[in-house]
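**Q** Heads up: the sequence lines are chains P and R, in that order.
Take the first sequence: its letters are residues 0 to 166, numbered as in numbering that gives the first Met the number 0.
Take the second sequence: its letters are residues 0 to 291, numbered as in numbering that gives the first Met the number 0.
A few of these clues could be false.
As the list claims (entries may be wrong) - Facing chain P, a subset of chain R residues (Cβ under 8 Å, in silico):
id, residue
1, Thr28
2, Val32
3, Ile97
4, Val176
These are calculated hints, taken from the structure and not from any lab test.
Glycine residues also receive a C-beta, built at the ideal position from the N, C-alpha and C atoms.
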Amino acid sequence: MRVTFTVNGSEETVDNVWEGESLLYVLRERMGLPGSKNACEQGECGSCTVYLDGVTACSCLVAAGQAEGREVRTVEGLAGGPDGSDGLAGDQRLGPVQEAFVEAGAVQCGFCTPGLIVQAHALLERVPDPADAEIREALAGNLCRCTGYEKILDAVRLAARRKAAAE
Amino acid sequence: MDFLRPTTWADALAAKADRPGALPVQGGTDVMVEINFAARRPEALLDLNPVRELAGWDVVDGRLRVGAGVPYARVIDELGGPLPGLAQASRTVGSPQIRNRGSVGGNLGAASPAGDAHPPLLAGDAVIEVESAARGVRMIPAAGFYLGVKRSALEPDELIRAFWAAPATGPQYFSKVGTRNAMVIAVCSFAIALHPAERRVGTGLGSAAPTPRRATAAEEFLAGELDWERRGPLADSAARRFGELVREAAAPIDDVRGTAGYRAHALSVMARRTLTWAWNDHRAGATGREAP
Ligand SMILES: Cc1cc2nc3c(=O)[nH]c(=O)nc-3n(C[C@H](O)[C@H](O)[C@H](O)COP(=O)(O)OP(=O)(O)OC[C@H]3O[C@@H](n4cnc5c(N)ncnc54)[C@H](O)[C@@H]3O)c2cc1C
Ligand code: FES
Ligand code: FES
Chain P
0 MRVTFTVNGS EETVDNVWEG ESLLYVLRER MGLPGSKNAC EQGECGSCTV
50 YLDGVTACSC LVAAGQAEGR EVRTVEGLAG GPDGSDGLAG DQRLGPVQEA
100 FVEAGAVQCG FCTPGLIVQA HALLERVPDP ADAEIREALA GNLCRCTGYE
150 KILDAVRLAA RRKAAAE
Chain R
0 MDFLRPTTWA DALAAKADRP GALPVQGGTD VMVEINFAAR RPEALLDLNP
50 VRELAGWDVV DGRLRVGAGV PYARVIDELG GPLPGLAQAS RTVGSPQIRN
100 RGSVGGNLGA ASPAGDAHPP LLAGDAVIEV ESAARGVRMI PAAGFYLGVK
150 RSALEPDELI RAFWAAPATG PQYFSKVGTR NAMVIAVCSF AIALHPAERR
200 VGTGLGSAAP TPRRATAAEE FLAGELDWER RGPLADSAAR RFGELVREAA
250 APIDDVRGTA GYRAHALSVM ARRTLTWAWN DHRAGATGRE AP
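Could you build all of it, start to finish, from the sequences and the hints given here?
**A** See the structure below:
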């Protein structure tokens, strides 16, 4: 089947999508957006997290056809804009949350990173100055096997501070 | 496989009548796991996301009518006041991403004995509104909806449209045992609702039998035992007896998540604790803790 939706601001159409295919597969294998990672395909790890109409979801559990006509934003779409704000895919600069993950040393193998960045981004949009408990709660569906999470918490705190300072 | 995308409820019913083998998909948090792992290859997927009314809720004649597609995240944000037990249960489902997509309708459709929406729906006397093109609407009380492990009263040509429940008139609590605070299927779970105006108690047990179920004897015992008139203190012996009766209502099994013996014990403890919280709230004049 054919599926058309907006991804990171531009409308895209893909053909020959299998009806049972996930949005994650379409993004990675048909649209050349490998940022979202495939680690479990069962909603347990969060590494495939994307925005679907402004709400975060595990893209492995969204049927590709369910994205029809909707808006998807992936980690590629969180790259930095000209003013240090979030920009669109293709921009080479890192977005503020991405930057914070690099600086805080929150990235080791990096497999969990895209999902964590999208989920942390969504948290900071909603709660600009989250308490630690809120960060933990927001990231409870994102597994990391490398970092032990402490530096991920540091990264989110850092991004929140930067954001507050910029505003 | 086909992918069906009706945009109205009438078209969705027509599609289901035409293709009873089509598998409805709302949040996809159960369906897509099965498809990704090739555990299921339905002849068609019936996407309900475009049927916008399923994602809405309303108050009709003083009762809540909540669309089958309302995700847990919105139950928590928007319905914590009138449906505190369900909102508490919703907070324990999966992770934020799962709660953004997973719905009460999907929980009902899956009819897993471990589904977290079921105990509060049972305790709160919820009624499930299902419909088919051929026979119209059927209103099924939650207590009659669950027929077996992952089997419900839903017929192959029917879809779940909404559930109905009265706004809480007394405290409601949900409690769940799991290995961590996120992303756990309940080892077992328990919900209680006090209905002070009718001097009634509602209960719901999860992961405690082949289906979610009520503990009717425990409800009746407690309704007769509580000092509704003067809101007097709860006798320890009554709380303990309530826990025992809840345990007796369960028929748990041993599995990877826990033993039958552990589940039975945990249920009696959760029953006693949630009752204590609820009765203390009632004595203090509160209708229950809203989901924070
Ligand atoms: C990582 C993870 C964690 C989870 N944790 C929990 C948890 O803690 N507690 C819990 O209870 N569940 C949990 N689940 C299971 C799942 O999220 C819930 O059962 C959820 O309520 C399903 O809702 P959905 O909208 O995603 O359903 P879907 O997957 O879209 O559908 C589920 C079933 O219901 C049917 N269905 C859906 N809508 C309708 C309708 N309107 N009419 C008729 N049939 C319909 C579908 O055909 C399917 O059989 C978890 C799942 C995952 C992947
Ligand atoms: S790949 Fe989607 S949650 Fe793990
Ligand atoms: S950095 Fe390796 S999984 Fe998180």
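**Q** Give a verdict on every hint.
**A** Structure-based check of each hint:
With a least beta-carbon distance of about 5 Å to chain P, the hint placing Thr28/R at the interface is held under the 8 Å criterion. Residue-level restraint check for Val32/R holds (minimum Cβ-Cβ distance to chain P is 5 Å; threshold 8 Å). With a cut of 8 Å, the hint placing Ile97/R at the interface with chain P holds, because the nearest CB-to-CB distance is about 6 Å. For Val176/R, the shortest C-beta to C-beta distance to chain P is roughly 17 Å, which exceeds 8 Å, and the interface hint is violated.
Of the numbered hints given earlier, the model fails hint 4 alone.
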